[in-house]
Amino acid sequence: MLESDYAEVVTLPAVGREGVVERMMRNLPFDVQIPRAKLEELSKSGPAVPTNSDQRRFVRFRQLKRAILKCEPTFPEVERSEQLSLGLITNISKDGIGLLYHMQLYPKERFVLRLENSGLMRFSVARCRKLGPKCYEIGATTATPIDIRPFISQ
Amino acid sequence: MSNTLDTAKRQQFLPVPLVLLCLTKQLPVDVYWRSHSGADPVLLRGHNIEVADDEFPKLLASGVETVYIPRDQGEVFQKHLQDNVSNILSDTDIPIDQRMSFLNTTGRTMLKEVFRSDNLDKTLESVALLSEHMTTLISGNEVVASELLEVLNHDYHTYTHSYNVASYSMLLAQELGFRDEDELTRISMGGLLHDLGKLRIPNAILTKKERLTDAEWQTIQKHPTDGFTALAERDDLTFDQLMMVYQHHEKLDGSGYPVGIDGDEISVLARICTVVDIFEALTSNRPYRNPNSTREALDILDQLAPDKLDGDMVKCWKAIMQK
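The listed protein sequences derive, respectively, from chains H and U. Mapping the first sequence onto my numbering, position 19 (from 1) lands on 19, and the numbers just tick up by one. Take any residue in the second sequence, note its place counting from 1, add 154, and you have its number in my numbering.
Incorrect hints may appear among the rest.
Quick list of the computed label-pair ranges, beta carbon to beta carbon [claimed, not checked]:
id : chain 1 : residue 1 : chain 2 : residue 2 : range
1  : H       : Gly119    : U       : Thr263    : 51 to 59 Å
2  : U       : Asp245    : H       : Pro76     : 34 to 42 Å
3  : H       : Ser81     : U       : Glu229    : 17 to 25 Å
4  : U       : Val422    : H       : Lys70     : 25 to 33 Å
5  : H       : Ala126    : U       : Asn444    : 49 to 57 Å
It should be emphasised that the hints constitute simulated quantities derived from the structure, not laboratory data. Keep in mind that this is a model prediction, so the values were computed, not measured. Don't be surprised by glycine CBs; every beta carbon is placed ideally from N, CA and C.
My request is simple: use the sequences and hints to build the entire structure.
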């Protein structure tokens with residue numbers, strides 16, 4: 001969702017030859033409201049320029065991909081529903097991802113992601129920053145190195 | 155050579171604020187004092203000998219603030235204090251300002267000790283105990299804010315700041331209508347823990363007089379996250395207490411950190427903590443600036459409300475401070 005307008009940011013796979021994951025992606029609501037100011041940045045491709053506050057050790061490649069996200073119970077006092085939802089991956093590196101999500105996630109909170117054509121990936125939140133209503137920019141790391149070749153070759 | 159001897163002697167004794175002893179009749183430890191700086195400690199009162207009511211207060215009035223107990227009796231002394239705190243705090247024969255002053259000294263000593271120990275279980279245990287004492291004192295009595303302000307210390311140490319913020323949070327919550335004692339104790343605990351993440355920040359940054367570099371500012375801004383991650387996996391704290399730690403630098407207009415959430419996304423207890431945290435920071439001594447007067451601090455809070463701070467809470471806090 002583009003703020004209050006319904007503008008598609010990511011192309012969904014064609015219906016017909018779709019598998020379970022693709023079907024789920026098509027059916028799950030995408031509740032992230034991407035601020036207009038963020039659009040230009042999202043339209044870029046290639047490696048992202050590192051900033052001082054970057055905690056990532058490896059090069060981040062810009063990437064726009066929807067992913068199915070499920071929070072894992074991490075903290076006794078933070079309640080999370082079992083429901084699946086969609087997030088938008090904005091960049092990926094060997095040890096982490098950048099993600100836009102419709103709600104706040106807490107530091108060290110764990111979640112799993114499922115992307116088209118790839119298995120489940122488990123992440124832990126490193127930082128979370130609100131960009132606007134229903135839009136949180138989340139940086140997350142994984143203990144298992146990500147093979148980024150399929151992402152950057154697309 | 156004599157320096158080494160001094161150090162060795164000093165290491166055999168624990169300095170104790172004299173005010174802590176003023177309200178206890180009999181002490182299970184030996185008490186020493188030094189007639190002047192650099193002098194050897196001499197025995198003032200042997201353990202378990204009854205102390206006359208006016209003996210320690212007279213000594214305090216003469217300017218002696220610190221006495222010493224043998225280091226090997228430190229644990230006995232801590233236990234004695236903890237056993238007696240409840241009795242002293244609930245003793246209505248002792249004027250409220252003396253009891254507040256006693257709790258302030260005891261509380262700051264406890265916090266200093268546990269914050270240094272870097273042992274989270276021990277910290278939580280002491281913080282819970284201290285919060286119960288605060289509830290006994292503050293919710294059980296008509297505590298006047300100006301009197302509280304008078305007895306509190308206003309140095310820049312994290313343990314002092316945490317103690318003050320906890321006391322203020324409780325006072326403000328009470329005025330806002332929180333009546334349940336368990337809830338007030340939880341609020342006090344949240345206040346005591348709100349800056350836990352600051353314990354990891356080097357003192358050189360916390361006390362730096364010059365303008366902070368971007369990297370140093372980033373280090374400072376990490377403390378709510380560090381505090382949250384240290385505590386979030388525990389099952390003995392509530393969500394709202396965790397939010398006092400994580401959200402106390404968030405602002406209603408979204409200009410705060412670490413997330414930049416706004417409005418109702420910020421928990422009510424975190425908003426309480428934010429108001430009194432700013433007030434405490436403004437009115438305390440900092441190495442890089444002089445403290446603001448109460449009036450000036452309230453004016454600054456007024457300027458921050460209602461865009462950044464909860465307007466009703468600021469009004470309420472002003473009313474409390476002007477009582």
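Each hint tested on the structure:
1. H:Gly119 <-> U:Thr263: 51 to 59 Å: 55 Å, holds
2. U:Asp245 <-> H:Pro76: 34 to 42 Å: 38 Å, holds
3. H:Ser81 <-> U:Glu229: 17 to 25 Å: 48 Å, violated
4. U:Val422 <-> H:Lys70: 25 to 33 Å: Hint holds: Cβ distance 30 Å, inside 25 to 33 Å.
5. H:Ala126 <-> U:Asn444: 49 to 57 Å: 39 Å, violated
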